[in-house]
Amino acid sequence: MTCEELLQYLSDYIDNELDEDLTAEARAHLATCHNCKVVLDTTRKTIFLYRERGKRAISAERRQELFDKLQTSFLGKASE
Amino acid sequence: MPDDANLLAALRERSPEAFRELFELYSDRLYRLALGLLRDENEAEDVVQDAFLRLFEKLDGFEGRSRLGTWLYRIVHNLSLDRLRAKRPLADLPDEDDALPLPVSFVDWSQIPEKQLTEAELARYLDQAIAALPEKLRAMFILSEVEGLPAKECAQILEISVSAAKVRLHRARLLLREQLSQAFAESTISRE
Chain A
-10 MTCEELLQYL
0 SDYIDNELDE
10 DLTAEARAHL
20 ATCHNCKVVL
30 DTTRKTIFLY
40 RERGKRAISA
50 ERRQELFDKL
60 QTSFLGKASE
Chain B
-16 MPDDANLLAA
-6 LRERSPEAFR
4 ELFELYSDRL
14 YRLALGLLRD
24 ENEAEDVVQD
34 AFLRLFEKLD
44 GFEGRSRLGT
54 WLYRIVHNLS
64 LDRLRAKRPL
74 ADLPDEDDAL
84 PLPVSFVDWS
94 QIPEKQLTEA
104 ELARYLDQAI
114 AALPEKLRAM
124 FILSEVEGLP
134 AKECAQILEI
144 SVSAAKVRLH
154 RARLLLREQL
164 SQAFAESTIS
174 RE
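Note that the protein sequences, when read in sequence, are chains A and B. Residue numbers -10 to 69, in my numbering, belong to the letters of the first sequence in order. Residue numbers -16 to 175, in my numbering, belong to the letters of the second sequence in order.
Any given hint might turn out to be false.
[To be verified] Incomplete in silico selection of chain A near chain B, CB under 7 Å:
#1 M(-10)
#2 L(-4)
#3 S0
#4 L7
#5 C22
#6 N24
#7 V27
#8 K34
#9 A46
#10 I47
[Said to hold, decoys possible] Calculated pairs, DSSO-like style, for lysine-lysine (alpha carbon to alpha carbon, straight line, at most 27 Å):
#11 K58/A <-> K44/A
#12 K98/B <-> K58/A
#13 K70/B <-> K135/B
#14 K98/B <-> K44/A
#15 K58/A <-> K135/B
#16 K26/A <-> K41/B
What the hints contain is simulated information worked out from the structure, not anything from laboratory work. Here the structure is a predicted model, which means the values were calculated and not measured. Cβ coordinates follow ideal geometry from the N, Cα and C atoms, glycine included.
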């Protein structure tokens, strides 16, 4: 497997969606190619960081305001 | 995920508990997608509000051909892109078969961030990197990686094929990695 092919298959490799043969080829390439190993490790880290820290929420005060507005609208429809 | 049929039935009866369940389930998820696209808290809240209001209008006619969550995400995505288009044209994406962005940085920072950066610095880098992505890649990345949705559902929300969704995710990951590599490399150098 070449570096270009590894790059092409990188997401499938990370997501365990490559077939056995391609997975073995990717592993063999990664064992000898420092740059591709760095790209793999830092891509995995990128995904990890956003999965761990990307879960922002509406602030509590604004969330309550939004809840109240929407609830009024929702329940208002019941009396129409 | 809850049973959509039961929740929808209760919503059609205007059950306050069903409304609370709907809001608890989806408000923050929808907000993250809207905020990720619009980069403005007020606008993101407006879009979330509009999406729920649209659902209330359509409750009686909602046929359930798509899951409730998929439908809400799609409305938020479309409303957000409409707002962005009103300000400027959206960035064109390369075709599915076009060459991938080649890695430029080969600095191994995979062990660095948590050790060398404060929480605020790390949050700022992550925020700046994702803001630099074209909106359509950003939407796919948020739905897949932050919200944890499978590619098939992301494709339904974005109204594209599953293969196109996977290509968008792959490009988004590579571009974000590159952005973060440069940011972390600069941060490390500036501390030495």
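Comparing the hints with the structure gives:
{"no.": "1", "hint": "M(-10)", "verdict": "violated, 15 Å"}
{"no.": "2", "hint": "L(-4)", "verdict": "holds, 6 Å"}
{"no.": "3", "hint": "S0", "verdict": "holds, 4 Å"}
{"no.": "4", "hint": "L7", "verdict": "violated, 13 Å"}
{"no.": "5", "hint": "C22", "verdict": "violated, 10 Å"}
{"no.": "6", "hint": "N24", "verdict": "holds, 5 Å"}
{"no.": "7", "hint": "V27", "verdict": "holds, 5 Å"}
{"no.": "8", "hint": "K34", "verdict": "holds, 4 Å"}
{"no.": "9", "hint": "A46", "verdict": "holds, 4 Å"}
{"no.": "10", "hint": "I47", "verdict": "holds, 5 Å"}
{"no.": "11", "hint": "K58/A <-> K44/A", "verdict": "holds, 24 Å"}
{"no.": "12", "hint": "K98/B <-> K58/A", "verdict": "violated, 43 Å"}
{"no.": "13", "hint": "K70/B <-> K135/B", "verdict": "violated, 30 Å"}
{"no.": "14", "hint": "K98/B <-> K44/A", "verdict": "holds, 21 Å"}
{"no.": "15", "hint": "K58/A <-> K135/B", "verdict": "violated, 33 Å"}
{"no.": "16", "hint": "K26/A <-> K41/B", "verdict": "violated, 50 Å"}
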